[in-house]
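Protein sequence lines, in the order shown, are assigned to chains A and B. Residues 9 to 841 (the numbering used here) are what the first sequence spells out, left to right. Residues 67 to 558 (the numbering used here) are what the second sequence spells out, left to right.
None of these hints come from the bench; they were simulated from the model. It should be emphasised that the depicted structure is a prediction, and the values quoted were computed from it without experimental measurement. Honestly, I wouldn't trust all of these hints.
No more than 30 Å apart at the CA atoms, straight line, and that leaves these computed lysine-lysine pairs for DSBU-like [what the hints assert, rightly or not]:
| id | chain 1 | residue 1 | chain 2 | residue 2 |
| --- | --- | --- | --- | --- |
| 1 | B | 469 | A | 119 |
| 2 | B | 494 | A | 116 |
| 3 | B | 337 | A | 116 |
| 4 | B | 494 | B | 533 |
| 5 | A | 620 | B | 124 |
| 6 | B | 494 | A | 316 |
| 7 | B | 337 | A | 620 |
| 8 | A | 79 | A | 155 |
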Amino acid sequence: MIRSIPVKTFPRHSFFFGIFAILLLSLESKGADSKLDFTQDIRPILSDKCFFCHGPDEHERGADLRLDNAKDAFADLGGYAAIVAGKPLESELILRILDEDDPMPPEKSHKTLKSEEVELLTRWIVEGAEYSEPWAYVQPKKNSIPKVGDQKWPVNWIDRFVLSRLESESLQPSLDADPVTLIRRLHFDLTGLPPTPEEADAFVDGKTDFDTVVDDLLASPHFGERMAMYWLDLVRYADTVGYHGDQDHNISPYRDYVIRSFNENMPFDQFTIEQIAGDLLPNSGKWQKVASGYNRLLQTSHEGGIQKKEYNAIYAADRVRNVSAVWMGATVGCAQCHDHKYDPYTIKDHYAMAAFFADIHDDGYSGNTLPANRQPEMLFLTDEQEAELAKIEAEIEPLFDKATQKSLEKLDVEKAKLVASSKVGKGNKKAIQNKISEVDRRIASIAPAEERQAWAQLHSKRKAIQKEGRLTMITAAKPPREMRVLPRGNWQDNTGDIVNADVPGFLGSIPVDSRTPTRLDLAEWLTNGETGVGEMTARVFANRFWYLFFGTGISRSLDDFGGQGVPPENPELLDNLAVHFYESGWDVKAMVRFLVTSRAYRQSSITPPELKERDPHNQLVARQSRYRLPAEAIRDNALAVSGLLVDQQGGTSAKPYQPIGYFRHLNFPVRTYKAHKNQDQWRRGVYVHWQRMFLHPMMKAMDAPSREECTAQRPRSNTPNAALVLLNDPTFLEAARVFAIRVLAEGGDSIDSRLNFAFREALSRLPDPEERTVMTSLLKATRADYENNPNSAASLLENGMAPTPMEVDPIDLASWTAITRALLNLNETVTRN
Amino acid sequence: MNTERPVFDNKMLDTRRNFFGKTATGIGGAALSTLLDRDLIGAEEKDGDIPKPNGTMKEYHTPPKAKRVIYMFQSGAPSQQDLFDHKPKLQEHFGEDMRDHFEMTQRLTGMTANQKAFPLAGTKYKFEKHGEAGIEISELLPNISGIADEMCLIRSMHTEAINHDPAITFFQTGHQLAGRPSMGSWLNYGLGSMTDDLPSFIAMVSRGTGRPNCQPLYDRLWGSGFLPTQHAGVKFMSVGDPVLYLNNPDGFDATARRRMLDDLEKMNAKKLEEFGDPEINTRIQQYEMAFRMQTSVPELTDFSDEPQHILDMYGPDVMNRGSYAYNCLLARRMAERDVRFIQLYHMGWDQHFSLPTQLSGQCRDTDQASAALVKDLKQRGMLDDTLIVWGGEFGRTSYCQGKLTKENYGRDHHPRCFSLWMTGAGIKRGHVHGATDDFSYNITEDPVHVHDLHATMLHLLGIDHEKLSYRFQGRYFRLTDVHGHLVKGIMS
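Same shape as in the complex, but just chain A:
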């Protein structure tokens, strides 16, 4: 709470004192300099404490009273009303709150009103009890840019909104962060990777300017990887099915699609449409089909004995939860069993939304196969593979006509089978040999030798490329299943009404005349501002972009814009950003550029205690935020600094080293984890194999979610497990060793020059004298130990598969590994400042 309201001990059990306090208050309120705001100050209280029984859900409603809209709250209830504007002592709401015999909220609700909350309600009634529409359901509108006192600070209009708010609170923005902090912040925020020392120097020395750096980073292919880290959390992307046997499923091309889309700066509306309904687009191409894999990302169960109807209901609800959380910032999932308690979503709205997805048939789920049987899938080839294939086709084409090619292919398969069976020694050897010769004769008869050889070569190349292809789940519409409202969410209850696909009633409808709306209609409704809720969707994402670059949302509830969410602290700014994003044609890179080139973004993240106390969640933006890097970036940073990082974009998932026995309790089938023994070992975190039930322990320790549900905001914990990971996970040990090899090879010959090198690589700066002393003494003490015990040195270096060059002295290397390990474990190294 940012407004400071004095806390008094309120004698809630004394009606007399209650009245006394109110009278005092109504006097006070005359002197109050600003009027209370329903959205900011009142609705959160009513929603949290009253709406459960006096809100939208008619089944729970007590005393036939609603407090969530003005009409009902002011209605005459037979000589009295819940709220009488201006008259708290005639308002039943207040009287009941103060009634010591039968107070509201009732004891059994386990909710109590704090004294300051009662004061606020009272003051609000005194001030006229003005209701306003829930902020998130009002179309965002462009507000005029506020005037500010300090004309020098703002760079773009974001800053004017921020500054105006700060000035009204008599606060000042923080100074700009120092250039080292800034360049690191930019690199981590936009690419998830640290700057190289050269990049850092160029910026610190003023050889590159801020805007150019931003442009370069936005153009980097790592931008897409960084944005995908977040997007994949939202849509709950994982490599396994999540329930029971947690088998793998085929989906990695979808991840490539997400990365590619951000890199190509695909407009966000198109990005949305392709995922929800890529298969329904006219001329749906390869990437649109891959994108439609979005609908298949949910958790599925392949447990023997499951009842299909039950799981159809579970999957339907899962899709509603996700699509509403991701694009609407709404918890429509709460209306699965009853009307929403706090928001106007009805149970019918829930099932009508589910009906959009009723054309997806989750069939063929039986059997505990690995990967799981999750039709429909398609064979995916990368653009490069396709180009190569096209080249081959072009070369093949002039050789033979289509029919001949077909026959050749058939004969080729036949021959391959025969050869295979002759190898395993099945059947009569001679007979098989004869058959092979016969096939050869037939081949020779339809094609002359020279062309045939050329064809055979090309054909085998073609097959090799096709073999490299990956399967990926896609959506393929079928006639929709009947969708009924399930009373109390009970899938065995067939008495509910049949519903058609539709959007939540209070948000409008889809103009489709007589046809049934489809997923494509839903996706367009989500992104079109004229026929749908486009600007509202833009507001959900403007808020999340803010979170990505400022560490917290303008509304802190990134996944709940409903009555129980936290209203935005600076709603005008949020609205303007939403409209800006929408009007830009959903230009994601432009949006990101706009945010990070603001002055507000450049502020230092140092937080004086009084500011921390006043604004713990950084809602006023009088500073930047500092927080531990996300899991993937911690991995990427260690790999990048050591030089191990493999830059390959896209592809199958990577399997880093993992403790033995970690998958021991998975079954159907039994799983043995095989860490990659090739370049895949050192790929970025965004590509790490995501096992929902047993997420890689490094990722888990650093708060990466299991991706069972939409995660809009990861927790940021600070635990001993995380310390143990950074200290002892073989990935980090190997990174430290390889980093030390670099220090020895590239850092000159003196301790000082080597420390300089190591610090610049890890922290983009030089060590200060104190750090130099500490590190030098650590190095010397460690070296003395290893000199006494060279075997220890040798065994410390036995980790990971990256080679150590022969010429490196083990004692040197082991001693320097202590330094590089310390650096990789430093708070500063894993923190975005």
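For this one, chain A is given, so just place chain B on it according to the hints.
What follows is chain B alone, placed relative to chain A:
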């Protein structure tokens, strides 16, 4: 490049020394931990023998009886008809179709829904009355029978799910689908921790010998769901480091580690002084906690100080790391070290086929050690403040799955009634609660729902299950959702 980093950041923080003075007292000394949510000051205040909570709760809602929980979860669903709920009628009507006796209204799993016949399968095992209480228990469990006078046997458990994943998730998190916090993490969140040296919530898994192809178990069963990550249970591994990444790499001994941590702390502390970011302080303390766990965990898992007669109590498997017996003894040692929630899982109780062979293996794995743990706690005076639960995720059918013979049969899943036993803090001893009909098909007396069990367990730990809640996506969630009644009949 500039040789000096610009330092104007520091100038903003003119009160930083004050700040530092207040918060940095723990550096290098006693370490706090967010994992353990430990509040050292709070922990000093005691309420009888049970320390005050130091999690989100600072006072108990109701006087606690239990200081800790040991939950021996039997994963796969042990057959009540063959272990705890004797039904002579099933033997009398052996082989007759269940539908000839009454209308089957239950949901059937996809595994037997299409079965042509539902022949009644009486148990092939003898039951006898045990203890002064005269509780009828199967001959498969001679040792557990021996503690009949300690236990409260609930024959009237029931649940909602009929397949393993949702049912076990329901038991551990109060909800059938993934995403909710496990019971242990609720306790971590609500009550905090009683120890500085070990995690407060530990899970251990052993594999059954009865059915090697057993139902899987998953991280989410001891996960923190939507609660902050640090409340998740720490799973002890049965191979490699007991706690993931606990051990120093080879060639890096404790002295080297200490030295590195000291220097790391110096460097981090310097930044703390410069920037006053409390997270830095927390990080320093987490490294200290990690360091202490390197001593406390090996000490915990070293059984060399256990006398032979204690080892013998737990049975021949006790020294085999990863066995149920080993985990039971480890559980006692954790209990002594103030771990609050100790969750054991024993896999392999899913007897669809070859029940007699499989079940005898499962009982051999668990019978002796389960009873030993209870007796061992009792002789140490710890049974009175330890809440013990033994049971699976649902029951099994009285009709046979697959082919029925006198010697061999199997049972499908049955959620409508099953047995589970408890003992220890606040629980009636030598008592049977609830009953089922002659076919173990329905409950006839005192049904206990999973939510009721949860509500009661929380109550014994001093928590009102309706009050311990967490707001997530706008809603207040509880372990018991919007259900749960205290089972007064099982409480002493």
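Results of checking the hints against the structure:
1. Distance hint between residue 469(B) and residue 119(A) is unfulfilled; the C-alpha atoms sit about 56 Å from each other, more than 30 Å.
2. As the CA atoms of residue 494(B) and residue 116(A) are separated by approximately 28 Å, the hinted pair is consistent with the 30 Å bound.
3. Proximity of residue 337(B) to residue 116(A) is assessed by CA-CA distance (about 49 Å); at most 30 Å being required, the pair is judged violated.
4. With a C-alpha separation of about 25 Å, the suggested pair residue 494(B) and residue 533(B) falls inside the 30 Å cut-off, and the hint holds.
5. Between residue 620(A) and residue 124(B), the direct Cα distance comes to roughly 24 Å. Compliance with the 30 Å bound is thereby established for this hinted pair.
6. Taken as a hint, the residue 494(B) and residue 316(A) pair is broken in the structure, with Cα atoms around 42 Å apart against an allowance of 30 Å.
7. The suggested pairing of residue 337(B) with residue 620(A) holds, with an alpha-carbon distance near 18 Å, which does not exceed 30 Å.
8. Proposed proximity of residue 79(A) and residue 155(A) is contradicted: the alpha carbons are some 37 Å apart, above 30 Å.
Taken one by one, the earlier hints fail for this structure at numbers 1, 3, 6, 8, listed in ascending order.
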